[in-house]
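J.: Given next are the chains, with one letter for each unit.
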Amino acid sequence: MIPSVLILTLLTVSVVALILWVSRRWGANDDSVVEQIDALLPQTQCAQCGYPGCRPYAEAIASGEADINQCPPGGQAGVDALADLLGKESKPLNEEHGSHKPPVVALIDEDRCIGCTLCIQACPVDAILGAQKMMHTVLASECTGCELCIAPCPVDCIDLVPAQRPMIHPKPMSIDIRVQA
Amino acid sequence: MSVSVHGFFGGMPLADHKAMAMQRPTQSIPVPEALYLPLKGHRHQPLDLHQITDHLAVSVGQQLAAGQTLTRGMGDAHPRLHAPVAGTFLGIVSRPALKDMGHDVPCLHIQTDRTQAPKKLPDDYPPNTPLPEITPDELMDHLQRMGIVGLGGAQFPTSEKMRQASGGIDTVILNGVECEPYIACDEALMRHRPGTIVLGGRLLAKALGAKRLIVAVEDPLKDSHGSVSDGFLACIQPHPLDPALDIEFIEVPSIYPQGAERQLIKTLTNQEVPFDGLPKDIGVICLNVATAASVADAVIENTPLTHRLVSITGPGIQNPCNVYAPIGTPVTDLIHQAGGFNCPESEIDLIIGGPVSGHTVSDQRSPIDKGSLCILALTRADRPNSVGSMPCINCGFCVSVCPAQLLPQTLFKLASQGAHEKAHQMGMMDCIECGLCAEVCPSHLPLLDWYRHSKDQLRALDMDQRRQALAKERFEARNRRLEQRQAEREARRQARRARLEANSSAQSEIEAAIARARQKKEGES
Ligand code: SF4
Ligand code: SF4
Ligand code: SF4
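So the sequences go chain by chain: P and Z.
Under my numbering, the first residue of the first sequence carries the number 1, and numbering increases by one thereafter.
Under my numbering, the first residue of the second sequence carries the number 1, and numbering increases by one thereafter.
The shape of chain P in the complex, shown without the other chains (with noise of 0.2 Å):
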C-alpha cells in the first residue's frame, strides 16, 4: 500500500516537473504571442486602433494594454480571430476607431501634385513615388489603403479607389425540396 502510494506521488511530482520545465523552456513567450496576434492583423498599417502601426497594437494587446476589437480594417471578422487565438469571448468591432470598409488604394491625380513629399513621409509601407518637385505616383500593388497620406496632401490630390479584388463565383443559390410529411 504504502511503497504504491508513495511511487505514484513520486511519478506525479517528476512528470508535473518535467512539464513545467518543458512549458518554460520550449512553450509560448511573449515574442510568439506578439507574433501570433500580428499574423492576424490586416498589416494595413493606419493607426486607427491607436498604436502606430500593426505591430505596436498587436505589442499592446499582448500586454493587456489594448483591447481587441480596436482593428477597423480587419473588421468583425478580424476581431473573432483574435478572440478565438486568445482563448476570448468574441465583442463587436468597436466604433470609436473607425468602421469596416471594403478595401481601397491611393490614386494621386497627376496633374495636380506639386511634387511637396509629405505624402511620402506619411505612407508606412513605402508605397509612394516620388521626389522633391517632382510628380507623384503610388504603387498600387503595395498600397494597403491606410489614407495616411490623404491628409497631408496640401493640394488634396489624392483619391481612394476601390482595389482592384479578383472575382468570386457567387455561391449557389440552392433551393432545399424536404420531403411534405
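Source of the hints: derived by calculation from the structure; they are not laboratory data.
One or more hints might be untrue.
[To be verified] Examples of chain P residues toward chain Z, derived with CB under 7 Å:
{"#": "1", "residue": "Gln45"}
{"#": "2", "residue": "Gln48"}
{"#": "3", "residue": "Ala122"}
{"#": "4", "residue": "Glu147"}
{"#": "5", "residue": "Pro166"}
{"#": "6", "residue": "His169"}
[To be verified] Keeping only pairs whose Cα atoms sit at most 16 Å apart, straight-line, the calculated EDC-like set for lysine to aspartate or glutamate is:
{"#": "7", "chain 1": "Z", "residue 1": "Lys211", "chain 2": "Z", "residue 2": "Asp246"}
{"#": "8", "chain 1": "P", "residue 1": "Lys171", "chain 2": "Z", "residue 2": "Asp100"}
{"#": "9", "chain 1": "Z", "residue 1": "Lys120", "chain 2": "Z", "residue 2": "Glu301"}
{"#": "10", "chain 1": "Z", "residue 1": "Lys472", "chain 2": "P", "residue 2": "Asp111"}
{"#": "11", "chain 1": "P", "residue 1": "Lys133", "chain 2": "P", "residue 2": "Asp109"}
{"#": "12", "chain 1": "Z", "residue 1": "Lys211", "chain 2": "Z", "residue 2": "Asp170"}
{"#": "13", "chain 1": "Z", "residue 1": "Lys422", "chain 2": "Z", "residue 2": "Asp462"}
{"#": "14", "chain 1": "P", "residue 1": "Lys171", "chain 2": "Z", "residue 2": "Asp456"}
{"#": "15", "chain 1": "Z", "residue 1": "Lys472", "chain 2": "P", "residue 2": "Asp109"}
{"#": "16", "chain 1": "Z", "residue 1": "Lys119", "chain 2": "Z", "residue 2": "Asp246"}
{"#": "17", "chain 1": "Z", "residue 1": "Lys472", "chain 2": "P", "residue 2": "Asp80"}
{"#": "18", "chain 1": "P", "residue 1": "Lys91", "chain 2": "P", "residue 2": "Asp80"}
{"#": "19", "chain 1": "Z", "residue 1": "Lys472", "chain 2": "P", "residue 2": "Asp126"}
{"#": "20", "chain 1": "P", "residue 1": "Lys91", "chain 2": "P", "residue 2": "Asp67"}
{"#": "21", "chain 1": "P", "residue 1": "Lys101", "chain 2": "P", "residue 2": "Glu147"}
{"#": "22", "chain 1": "P", "residue 1": "Lys133", "chain 2": "P", "residue 2": "Asp111"}
{"#": "23", "chain 1": "Z", "residue 1": "Lys206", "chain 2": "Z", "residue 2": "Asp230"}
{"#": "24", "chain 1": "Z", "residue 1": "Lys472", "chain 2": "P", "residue 2": "Glu142"}
{"#": "25", "chain 1": "Z", "residue 1": "Lys266", "chain 2": "Z", "residue 2": "Asp281"}
{"#": "26", "chain 1": "Z", "residue 1": "Lys280", "chain 2": "Z", "residue 2": "Asp170"}
{"#": "27", "chain 1": "P", "residue 1": "Lys88", "chain 2": "P", "residue 2": "Glu65"}
We treat Cβ as the ideally placed atom computed from N, Cα and C, and that holds for glycine.
With the hints as your guide, set chain Z with the ligands onto chain P.
T.: Chain Z with the ligands in isolation, oriented as in the chain P frame:
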C-alpha cells in the same frame, strides 16, 4: 509502335450528343455588327484600366485592317489580341463576362465593316507541306505575337507553356478528346483539318525536342463520314522536317473526363502528374488539337488567332451546328446563326461549355473569347440540378467518380460552411472542376458551384496573405530605416556635445590658469 491504353481513377461514361452539332456542315457567321474582344488573359488577374491603356496598339477611331495587332507588350499573362475583321476601333467598353455571372469585363469595341465576306474555316494543308526553318525561340516569340493560347478552354498562352516546359520534353500529346457531351468543335476541326493539326504538332515537337507525338481522340468518333482516324492516318508519315519523330494516333475509351489533361496523360503513359507539379515534370506536354492547328496557321500562313470554332448546340437550339466565328462575337449573334431557340426563352438554360462542367450564361450580350468551346442551350427538363436539392445522404457516389481522388462530400460540407481553409487542406485546389460529382449526386447538390466559390475564396485569401506579408515587410523595413536614421542623428548629436564639452573644459582650464597667474601677479605686487 505499341499502342497501349491505361485508365485513370474514377470517371464515368456519359451519353454522347456530339452528333447533334455534327449533323450540319461547319458554317461561317456573317460579320457581326460589333465585336467586343474581352481583355482578360487570366481569370484571376483583374486588369486595371491603366494597364490596358498603356498597352493598346491602336487609338480610338482608328481604322483597322483584318489581323491588325490591338494590344502588345502585356507579357505572356495577357496574350495579344488582333482585329478579327476590318473595322473601326471605338474604345474600351464594359460587357457582361461570359463565365462570371454578374461581373463585367473590359472589352475592345470594334465597329465592323459589314460588307466584307466572312472568313471561312481555312482548308487543310496537305501533309507534305514544307515547313519553314524556325528556331525554338523564334517559334515561341512568334506564337506570342500571333496571340496563340490554349484553345481547350484555359487560354493559357502557348508560348508561356512552351517556355516553362522547354528542355526535358519527351512526348507531345495533342488532345482531341472532347469528352463532354454535346461539344463537337474539335471533332469538326479534326474532320476538316487533320493535316494542319499534325503539322502543328510536328512544329511543336521539333521546338521542344520531343521524340514522340501522340494524337489522342475518343474511340466512338465514327459517323456516316467514317472515323476521324482515317484523316489522321493519312497524315502520319515521316516528314523531311523530322524523319525520326515517332507519331502515334491513339483512340482512348470515352470515359468522362478523359479529355482533362492529367487524366489523359495517365491513360496514355500510365504516369501520374504530381499533384503539385506540371506535366513537364514527367516529360510530357499536352496541347489541344485546335491549338496545334492555330500554331500551324501562325507559322505557315502568318495568321494571328482571331477566329475559332464554336459548337452552338443543345435540345433548345433550332439548328445545332459548328460555327467558325470571330473572337468577340456576342452570344446572341451565334444563337441567331443557329436558327434561334426552339422553345420560349424562359425555358432555356444557356451554358458556356458542356452540360457537366459548363458555366451559366446570364447575359446573351456576352462576347465569346478564345476559350469558348460551346454555347449549349438545355431546356429545364435536362437540368435536374436546377430544380432543387436535398441534404447529403453520404452515399459516396461522388467519391467513387472523382477523378482527382478527392472526397467531394467532405469538400462540399466544408465549403458550404465557409471553412475554406480546411477545404484547402482536404485538397480543394486539386479539384479539376469536372463536375462529375454533381452529376451523380442523388440529392442534386450544386457541388461544383460550391467548389468554384470556395476555390475563388481561397485564391482571394492567398492574394490577401501575400499582400499582408508584403506590407508587413515594407513596414518593418521602413521602421528599421527610420530607427537607423534616428540613431545616426543621435550619435551625431552626442559627438557634437562631447566636442563642445571637451572644448569648454579646455577653456575653463585656460581661464583657471589665467586666474592663477593673475593672483600670483597681484600677490607679487
Ligand atoms: S487599425 Fe490599422 S494599424 Fe491598427 S491593427 Fe488594424 S490595420 Fe493595423
Ligand atoms: S468536380 Fe472536383 S470534386 Fe467533383 S468529381 Fe470533379 S474533380 Fe472531383
Ligand atoms: S453524391 Fe451527393 S448525397 Fe452522395 S455523398 Fe456525395 S454529396 Fe452526398
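J.: May I ask which of the numbered hints given earlier this structure violates, with the numbers listed in increasing order?
T.: The structure breaks hints 2, 3, 4, 10, 15, 16, 17, 23; every other hint is satisfied.
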